[in-house]
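Student: Chain by chain, the residues:
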Amino acid sequence: MNPYQRALNNLRTQNPLVHHLTNYVTVNDCANITLAIGGSPIMADDLEEVAAITELAQAVVINIGTLNARTVEAMVLAGKKANQLGIPVILDPVGAGASALRNQTLARLLAEVHFAVIRGNLSEIRFLAGFASVNQGVDVSPADLLTVQDSQAVAQQLALARQAVVVITGKVDVVSDGLQVALIDNGHPTMSRITGTGCMLSSLLGSFCGSQKDYFSASVAATLALGISGEIAHEKTQHQGTGSFRVALLDAVSQLTPTTMEQRGRLQIVKA
Amino acid sequence: MNPYQRALNNLRTQNPLVHHLTNYVTVNDCANITLAIGGSPIMADDLEEVAAITELAQAVVINIGTLNARTVEAMVLAGKKANQLGIPVILDPVGAGASALRNQTLARLLAEVHFAVIRGNLSEIRFLAGFASVNQGVDVSPADLLTVQDSQAVAQQLALARQAVVVITGKVDVVSDGLQVALIDNGHPTMSRITGTGCMLSSLLGSFCGSQKDYFSASVAATLALGISGEIAHEKTQHQGTGSFRVALLDAVSQLTPTTMEQRGRLQIVKA
Amino acid sequence: MNPYQRALNNLRTQNPLVHHLTNYVTVNDCANITLAIGGSPIMADDLEEVAAITELAQAVVINIGTLNARTVEAMVLAGKKANQLGIPVILDPVGAGASALRNQTLARLLAEVHFAVIRGNLSEIRFLAGFASVNQGVDVSPADLLTVQDSQAVAQQLALARQAVVVITGKVDVVSDGLQVALIDNGHPTMSRITGTGCMLSSLLGSFCGSQKDYFSASVAATLALGISGEIAHEKTQHQGTGSFRVALLDAVSQLTPTTMEQRGRLQIVKA
Chain X
1 MNPYQRALNN LRTQNPLVHH LTNYVTVNDC ANITLAIGGS PIMADDLEEV AAITELAQAV
61 VINIGTLNAR TVEAMVLAGK KANQLGIPVI LDPVGAGASA LRNQTLARLL AEVHFAVIRG
121 NLSEIRFLAG FASVNQGVDV SPADLLTVQD SQAVAQQLAL ARQAVVVITG KVDVVSDGLQ
181 VALIDNGHPT MSRITGTGCM LSSLLGSFCG SQKDYFSASV AATLALGISG EIAHEKTQHQ
241 GTGSFRVALL DAVSQLTPTT MEQRGRLQIV KA
Chain P
1 MNPYQRALNN LRTQNPLVHH LTNYVTVNDC ANITLAIGGS PIMADDLEEV AAITELAQAV
61 VINIGTLNAR TVEAMVLAGK KANQLGIPVI LDPVGAGASA LRNQTLARLL AEVHFAVIRG
121 NLSEIRFLAG FASVNQGVDV SPADLLTVQD SQAVAQQLAL ARQAVVVITG KVDVVSDGLQ
181 VALIDNGHPT MSRITGTGCM LSSLLGSFCG SQKDYFSASV AATLALGISG EIAHEKTQHQ
241 GTGSFRVALL DAVSQLTPTT MEQRGRLQIV KA
Chain S
1 MNPYQRALNN LRTQNPLVHH LTNYVTVNDC ANITLAIGGS PIMADDLEEV AAITELAQAV
61 VINIGTLNAR TVEAMVLAGK KANQLGIPVI LDPVGAGASA LRNQTLARLL AEVHFAVIRG
121 NLSEIRFLAG FASVNQGVDV SPADLLTVQD SQAVAQQLAL ARQAVVVITG KVDVVSDGLQ
181 VALIDNGHPT MSRITGTGCM LSSLLGSFCG SQKDYFSASV AATLALGISG EIAHEKTQHQ
241 GTGSFRVALL DAVSQLTPTT MEQRGRLQIV KA
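Protein chains in written order, with full-length UniProt numbering: chain X, 1 to 272; chain P, 1 to 272; chain S, 1 to 272.
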């Protein structure tokens, strides 16, 4: 059994509680995918309870998709508490570069919280890594549709700078802890035609990292899990449309087995 | 026609408006299930309008899943207004015991508002009934997987203390008004693998109680409705996965008939 | 190719970014339908970034479904910025007439923002046009189930008063810019048994108006697109239930072609 199969088994055995500070657009999808993979979701963002809920959790996911003054404070508090407890925090920097508020919030989060994993599209991760990036909203910018080599370089740079695992989602997904780089060639273009696949991957990252200490393998496993599920969803629904695809994606995550991960994963590990 | 079949007919005839003060995780599911069973959902939580909207409604559902300072005030205001108007208020004490904020909020709600129905899992209801409970988030704690007799006793105790109908969901659901106890052995384990089935039951309780004064029968009917729909959803989708199950659950609620309720209900009434 | 087919082609070519200030009940449906038709959704409502996000967008949708003090300010700010930039703003006056807060908010929005399109059910649009209306929540009032002629008159009146395109959804949908009136006899009754079809149409209006300057044709195209998709969804799912219908509706929008719009559209243009 490879490390990614083991990661899925760990998750299903341990049923980690994953605390989400997330956006109200895709929060239901995040809850359902967390349950589908074998975790338990909880969402609580009031300042008075955010630390208490974090104490119950095995991982925290911070997603700035619909941030506001109230929730940013809660994100900082949850992140700091998680750091104290030694549980992993996942950052989803939705729309990094799109507004001063997002950029300042990300600067503050990165200054006050250590993230175990940072996941975004290339636009977002480039912004965090200090590259200039022209952001067009929350989806990837056409100018960022560059080569996999670019993604690798950016992922490694940010990973080293932040001592985090960095996941860049794109045609080929890139996962790096600064030393190792994994290239994952699963997934299907229809995944970008429904809302929340990025957010859902962040929930899977929380679920996998909440059940084992090797965050690099956990992150590769989570990325494989979603990509493979996207492929299965497309095979099941073909051209029925994005509503059916969305249902089938959740189906596939809930039915995913270690064997399927091994058989369908198109993974390449590149040592740095 | 039994009282539960009549309850469904009442609901479909009267199309009650059910005002929800609820969480942002499952609010869409709550709206859709209210429509599916034959009610009309409305969600409004600004302090300036919450009383006005309550005046239009036939029932109010208060769910503390993602409570915050602003929404707690709105919950109290809606509950008090509903009490003045004599319309039923349903309480869903999500995560009771999980944080001081939740516990204080529940104490305040119970002190200031009379609830017609209180629905939770055994962890939550035990907490409200004054038992010590180790809460692990918003799902039921393993330590609470006790016998149906325990659930009965806790339900009756809280029902008498609060002059409310108490619904405890679990493998066997228990409904009690303190005198009568109904045991409902419908449902399917997959219901706990999607988010919001508890919240959805609270919406059904609002819908049924919003269309008749006998809240005990209304609560039994609502609990039967969801449990039977869960079984039908499983039969339709088998092992397709949780995405399909979720769709089929809403399908089944929307297609539920009094005849199906009579044929499939596994209900036992125990006089106290 | 007729103007509505061209409108769909424009949309798919231009992939407009549609900024939503909307409610937390149906926001996920709004995001998914925007993607399904070919746009890109973004939701951001913090006062500090709402103008910056509007600058990136090609259209703004303002939906007051779950308004509160914080979000109303953001709606005004986004609307004003959009007016400065010359990008269209869509108003969805959910529950107009149902509370003083909603009515005051609508008065303020109409005073401070120019709307390219205003979409509601007959209760809501009558309220905005200054007619007395007995509102029963967010769904259409039985007293408003009047004739298409009434809807036409109300739509034209509000369109002229506000220099906007007005869309009234009902058994027959009415679209008017004050001079022209389009009657659209597509759609299916099941659309009113799921939450958010009105909100979803507002998202489609934003998507179509965000990709061409002729807002009347864009609005007719959006209304045709949803109505035709509702019919296709019903044909595909028949009496499976509202869960399947909802999935099939999103499917149909995502698979809609100009040819289908031409073949299935039941459109009548009445010159004023």
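Hints in this document: simulated from the structure, not taken from any laboratory. Incorrect hints may appear among the rest.
Note that identical chains are pooled: a pair holds if it fits in a single copy or bridges any two copies.
[To be verified] DSBU-like mimics (lysine-lysine), calculated; alpha carbons at most 35 Å apart, straight line:
1) 271 x 171
2) 236 x 80
3) 80 x 171
4) 213 x 80
5) 271 x 80
Predicted, not measured: the structure shown is a model, and the values here were computed from it.
Student: Hint by hint, note whether the structure agrees.
Tutor: Structure-based check of each hint:
1. 271 x 171: Within. Shortest intra-copy distance 21 Å satisfies the 35 Å Cα cut-off; inter-copy 50 Å does not.
2. 236 x 80: neither (42 Å within a copy, 46 Å between copies)
3. 80 x 171: For residue 80 and residue 171, the Cα distance is within 35 Å only inside one copy (33 Å; across copies 38 Å).
4. 213 x 80: within (18 Å within a copy, 49 Å between copies)
5. 271 x 80: So residue 271 and residue 80 pass the 35 Å test inside one copy only (32 Å; across, 52 Å).
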